[in-house]
Amino acid sequence: MEFPISPKANPDLLFSAAIIIIIISFTSQLACAASNRGNETDHLALIEIKRRISADPHGFLNSWNQSIHHCHWQGITCSARNQRVTILNLRGQSLFGSISPYLGNLSFLKSIEFQENRLYGEISPEIGRLLRLRHLNLSESTLTGPVPVNLTQCSELVNISLRNNDFTGQILKEFGSLKKLVFLNLGGNNFTGNIPSSLGNLSLLNYFSLGDNNLEGHLSEELAKLINLSVFSVSINFLSGTFPPAFFNISTLTIISLTLNSFEGNLPDDIGFKMPNMQVFYVCGNKFSGTIPNSITNATGLTILCLSSNKLQGNVPKNLGNYLPNLQTLAIGGNLLGKDLSFISSLKNCSRLQVLHMNDNNFEGDLPRSIGNLSSSMQQLMMEWNKISGEIPSELGNLRNLYSITMQVNSFSGPVPSTFGGFQSLGRLNLAKNQLSGSIPSSIYNITSLYLVNLQQNFLEGIISLSLGTCKNLRVLDLSHNEFTGNMDGTIFGGSFSPLYLDLSYNSLTGFLPVEVGNMKQISTFNVSYNNFSGEIPTTIGECSNLEYLNMEGNSFRGSIPRTLAFIKGIQYLDLSQNQLIGKIPRDLERLLFLKYVNLSFNDLEGEVPSSGVFGNASLISLEGNNKLCGGIVDLGMDSCIVQKKKNRKSLIIILLPVILTTIISSALILLVYQRRLRRKRQLIVPERNDKLISVSFRELHRATGGFSQENLIGSGAFGFVYKGVLDQHGDRLVAVKVLDLQKNGASRSFKAECRALRNIRHRNLVSIITYCSSIDEKGQEFKALVYEFMPNGSLDRWLHPIQAHEIESPKNLSLVQRLNIAIDVAIAIDYMHNQTQVPIVHCDLKPSNILLDGDLTAHIGDFGLARLLLTSIENSSSQGMSSSTILIKGSIGYVAPGKVSL
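For the sequence shown, the numbering used here assigns the number 1 to the initial residue and increments by one for each residue that follows.
Everything labelled a hint here was simulated from the structure, so no lab data went into it. No residue lacks a Cβ here, since even glycine has one placed at the ideal position from N, Cα and C.
Derived DSS-like pairs: lysine-lysine, alpha-carbon spacing no greater than 30 angstroms straight-line:
no.: 1; residue 1: K433; residue 2: K287
no.: 2; residue 1: K318; residue 2: K387
no.: 3; residue 1: K847; residue 2: K724
no.: 4; residue 1: K472; residue 2: K521
no.: 5; residue 1: K472; residue 2: K433
no.: 6; residue 1: K287; residue 2: K339
no.: 7; residue 1: K225; residue 2: K287
no.: 8; residue 1: K724; residue 2: K569
no.: 9; residue 1: K596; residue 2: K724
no.: 10; residue 1: K287; residue 2: K173
no.: 11; residue 1: K387; residue 2: K311
no.: 12; residue 1: K287; residue 2: K387
no.: 13; residue 1: K779; residue 2: K472
no.: 14; residue 1: K179; residue 2: K225
no.: 15; residue 1: K584; residue 2: K569
no.: 16; residue 1: K596; residue 2: K521
Here are the simulated distance ranges between beta carbons:
no.: 17; residue 1: K50; residue 2: I714; range: 51 to 57 angstroms
no.: 18; residue 1: S815; residue 2: Q729; range: 35 to 41 angstroms
no.: 19; residue 1: G372; residue 2: N446; range: 18 to 24 angstroms
no.: 20; residue 1: S695; residue 2: S442; range: 40 to 46 angstroms
no.: 21; residue 1: D366; residue 2: K180; range: 57 to 63 angstroms
no.: 22; residue 1: P441; residue 2: T168; range: 51 to 57 angstroms
no.: 23; residue 1: E606; residue 2: S394; range: 56 to 62 angstroms
Build the full structure now, drawing on both the sequences and the hints.
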């Protein structure tokens, strides 16, 4: 740019102007260079901040790259004048990583919004270099360590929120130097020690929250100087001592929360006049004493009044509800409040009331019928553990939106109101330990939202309604200690009723326990003790796979203890005492790892007591009153089974001796008469073998295997699966059920081949077939299965090559002698099949997985699905001495064919 020079201009003036222009130009260049350097510093700091973030699930930081200027990156705000970063907002992005110390290089930063992420590690001391910082929000993360004292160098701070992290150490007393601080939230951390009195210097503070930490000691009077406070919360700590009365003079307070500490003292009589703006008064769980001040009604804006779990006494102000139209929660439970219930009538004016807790006090007398006039918004009504009497007002049914009613441990009498059936959202109904009588209104079971009903220890009677079966959400039902009668219809358990807890004990229920109890797949506690149940314990009880507590004490159950109880892997408590059970104690109960207590006393059990598992600790079992039991561990003090047999033999001889003598004499006379005739007709009598198979249906096999459940699956092959089961209709016989998959090519022919091969052979080293089933399943499809004797030690393959997790934990080892014995057993079986049967049989799939071991490790060859029957030309001329086969390709993985199979 050119400047015209006047010929009359003063040379000195022109020289001075030139110097000024040069200085201005040089200063401008310096400022531009400094600005550029500042931009570069900010850029590098942001790159380092991003580098510390290892997971960005929403891709929020994708824009942080070299293609655009950092002032245009997402979450970044820069100043318009010099393009320096002033706001860094990464809020709510679920970022995982730590905070880089390079954050301290953003020297123009005024606001940090890092809340609602997954940040970890400590705050770097470099944060103290941010002298312009006004807002710091690091809440809702997992940051740890002490808060660096350098943070208090940021003297411009107005807002600090570090809530819900894992910060430790003491609250910094230096916070008291931050004179501009308005908002301080350090709640939900692990801070310890006292609350510094220096915080009373924060005269502008409006929001103060240190709740949910580990703070202790007394509250300083200095904190009552915070006259601009609107919110004061120190709840859920270990603070103690007298709460400073001066706090009740802070008229600006709208929320005061002291819950779950140990504060003492009385509530001032004029509290409502001194704190007229109070909206939330939370002092539950302390040691406040005295009475509830009548002046509390002057705080007309109150929405929550929580005085529960203190030492308050006297009557509740009768007009409490007349002046609190906005009241939503009134909690006065757990005190020493007096008899009068008249205050309930005043609550009809609280049109927004949702919660009324008046439990654990000394209220008595009849419940006013005016309770039915409370707000239609009522959701919770708690008045348990009082002395309230009389009938439950039917008007209570007007509060149709109630979610929870707890009135247990009072003196209520009369019936359960039929109006309760009109509740629309009721989930919890507890009327236990009263004096209620009559039957349960069946309409109650129509409340589909019910999940808990407790009516124990009343005088209720009648039968248990079949409508119970429709309660699909009912998880806890306790009807114990009443006078219910009648049978338990299987329909109840055949519907959608699927409880977690069911207690019917101490009633007069009769009949058989229905097999449908096995439908309660989720139940963990089942108690039917001290009723009049009879019949056998249904084996379907083993289908309740989540059962932990089972009590059937004091009934008339008979028969044997179901072996299916061993299917309940997580059971911890089992009581079958005082019944009429017979037979042996199932040894399978030894394998229940979580079983902590077994009571089988006062039955008629016999045989040897198991000695491992829970039976290995005498203090965990009760077997008294079973005189035929023997053995077990030494601590039980029982006779050995050998001694018991001798005692039983002596007793039997004494009883049968007259009969034996009479029989001997009679037999001698008969022999004399027929001696000659017998000599003439003497011949060798060979008894016929009875090979008639037992008959089983698809339904029996389905029940025996728990519905062919995955838990009972013990093997699989080319044509189907093998399940463990118990035939309860045939003496609880333990079997292996091979179910053919008829969708696979050759499965049906394999079934026929196996039946043909095993039809006429019997040998100790061949798996014994018990029966077969050729029927229709529940879907109307063809069903074929073979039922074998169960081999408890599984296949040889699993002993040689353990692959399952439980087998790795408990390795199976065979000694050299055991291996040799198994090899001999297999050789004997092959010799029998090849050389000693009428029609020679070649197995064609002999491998370790088809060699099964019984309890004594005796080997048995199984799976004859690929077997050949070698027929001679006389027996089958069409075969011309060759074998007949049902499968063209023989063998499977692991099988080595011996060569051509022929005669």
